[in-house]
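Heads up: the sequence lines are chains A and B, in that order.
For the first sequence, the numbering used here begins at 1 and goes up steadily by one.
For the second sequence, the numbering used here begins at 1 and goes up steadily by one.
There could be a bad hint or two in this list.
Using 25 Å as the maximum straight-line C-alpha spacing, the simulated DSS-like pairs for lysine-lysine come out as follows [said to hold, decoys possible]:
#1 B/LYS57 <-> A/LYS3
#2 A/LYS103 <-> B/LYS70
#3 A/LYS103 <-> B/LYS53
#4 A/LYS3 <-> A/LYS111
#5 A/LYS103 <-> A/LYS70
Stretches of chain B that chain A covers, calculated by requiring three or more beta carbons in the stretch to come under 8 Å of a beta carbon on chain A [stated by the list, open to error]:
#6 38-48
#7 84-94
#8 103-109
I should point out that these hints are in silico values taken from the structure, not numbers from a laboratory.
Backbone N, C-alpha and C fix where the C-beta goes; we use that ideal spot for every residue, glycine too.
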Amino acid sequence: AQKVTQAQTEISVVEKEDVTLDCVYETRDTTYYLFWYKQPPSGELVFLIRRNSFDEQNEISGRYSWNFQKSTSSFNFTITASQVVDSAVYFCALSGSGYNFNKFYFGSGTKLNVKP
Amino acid sequence: DAGITQSPRHKVTETGTPVTLRCHQTENHRYMYWYRQDPGHGLRLIHYSYGVKDTDKGEVSDGYSVSRSKTEDFLLTLESATSSQTSVYFCAITGQGGTDTQYFGPGTRLTVL
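From just these sequences and the hints, can you work out the full model?
Here it is in structure tokens:
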């Protein structure tokens with residue numbers, strides 16, 4: 001069965017602190033895809049990153065970085081020098097192959113509060 | 001931004017009434033999805049479609065039906081709305097090829113009194 005766990009329900013930090021959002025997944029598929037989405041207070045869902053199971057390279061995009069570790073089934077998201085505009089709910093998602101092809105499974109989300 | 005619209009954006013209805021939500025895309029994408037979002041549950045898949053007239057159930061499909069008669073439109077129907085169906089509903093699409101990125105519509109806030 002496909003499952004995504006975001007154990008951190010809510011995190012509060014002060015601006016300029018670094019923060020890591022955890023994502024642990026379960027799948028039996030050998031080919032799968034992992035995603036992160038951001039949902040700001042306005043409510044829309046914004047795509048941040050897509051990673052396939054064969055690419056374990058970490059990725060950095062500005063203040064955002066992602067650490068994919070197959071050995072621990074984790075795909076963690078770090079925001080460096082957080083800003084108030086980073087306040088949002090962040091979702092991790094998983095999609096697979098075979099029966100799970102193009103089916104997406106979401107974690108319950110982590111609400112990040114960045115205080116000035 | 002992916003061309004996805006949802007209508008209505010907000011709706012208040014009464015228990016027992018039928019409700020239809022519409023998702024419209026201009027991307028000609030094959031796959032379309034309906035999710036509901038509730039506090040503490042993230043996004044849960046209701047139904048999805050992999051082509052015109054091809055649909056399948058998701059994890060929370062009870063009480064919902066869908067139809068897709070055209071590539072661009074995916075309708076979600078609550079035959080007899082209940083208060084437990086009060087939620088925010090999101091439509092999403094993915095591209096033509098292999099597992100592609102999923103893009104979301106703006107959401108519909110439904111309140112069932």
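Consistency of the hints with the structure:
Using a Cα cut-off of 25 Å, the hinted pair B/LYS57 and A/LYS3 holds, with the two alpha carbons roughly 17 Å apart. For the suggested pair A/LYS103 and B/LYS70, the alpha carbons sit about 21 Å apart, so the restraint of at most 25 Å is met. About 18 Å separates the Cα atoms of A/LYS103 and B/LYS53, which keeps this hinted pair within 25 Å; it holds. Simply put, A/LYS3 and A/LYS111 have alpha-carbon atoms about 19 Å apart, close enough for the 25 Å limit, and the pair holds.
The hinted pair formed by A/LYS103 and A/LYS70 meets the criterion: a straight-line CA distance of about 20 Å does not exceed 25 Å. Counting residues of the region 38-48 of chain B whose C-beta sits closer than 8 Å to any C-beta of chain A gives 7, which meets the bar of three, so the coverage hint holds. Counting residues of the region 84-94 of chain B whose CB lies closer than 8 Å to any CB of chain A gives 4, so the stated coverage by that chain holds, three being the minimum. Taking a C-beta to C-beta cut-off of 8 Å, the region 103-109 of chain B contributes 4 residues in contact with chain A, enough for the three needed, and the coverage statement holds.
Hint compliance for this structure: every hint is met.
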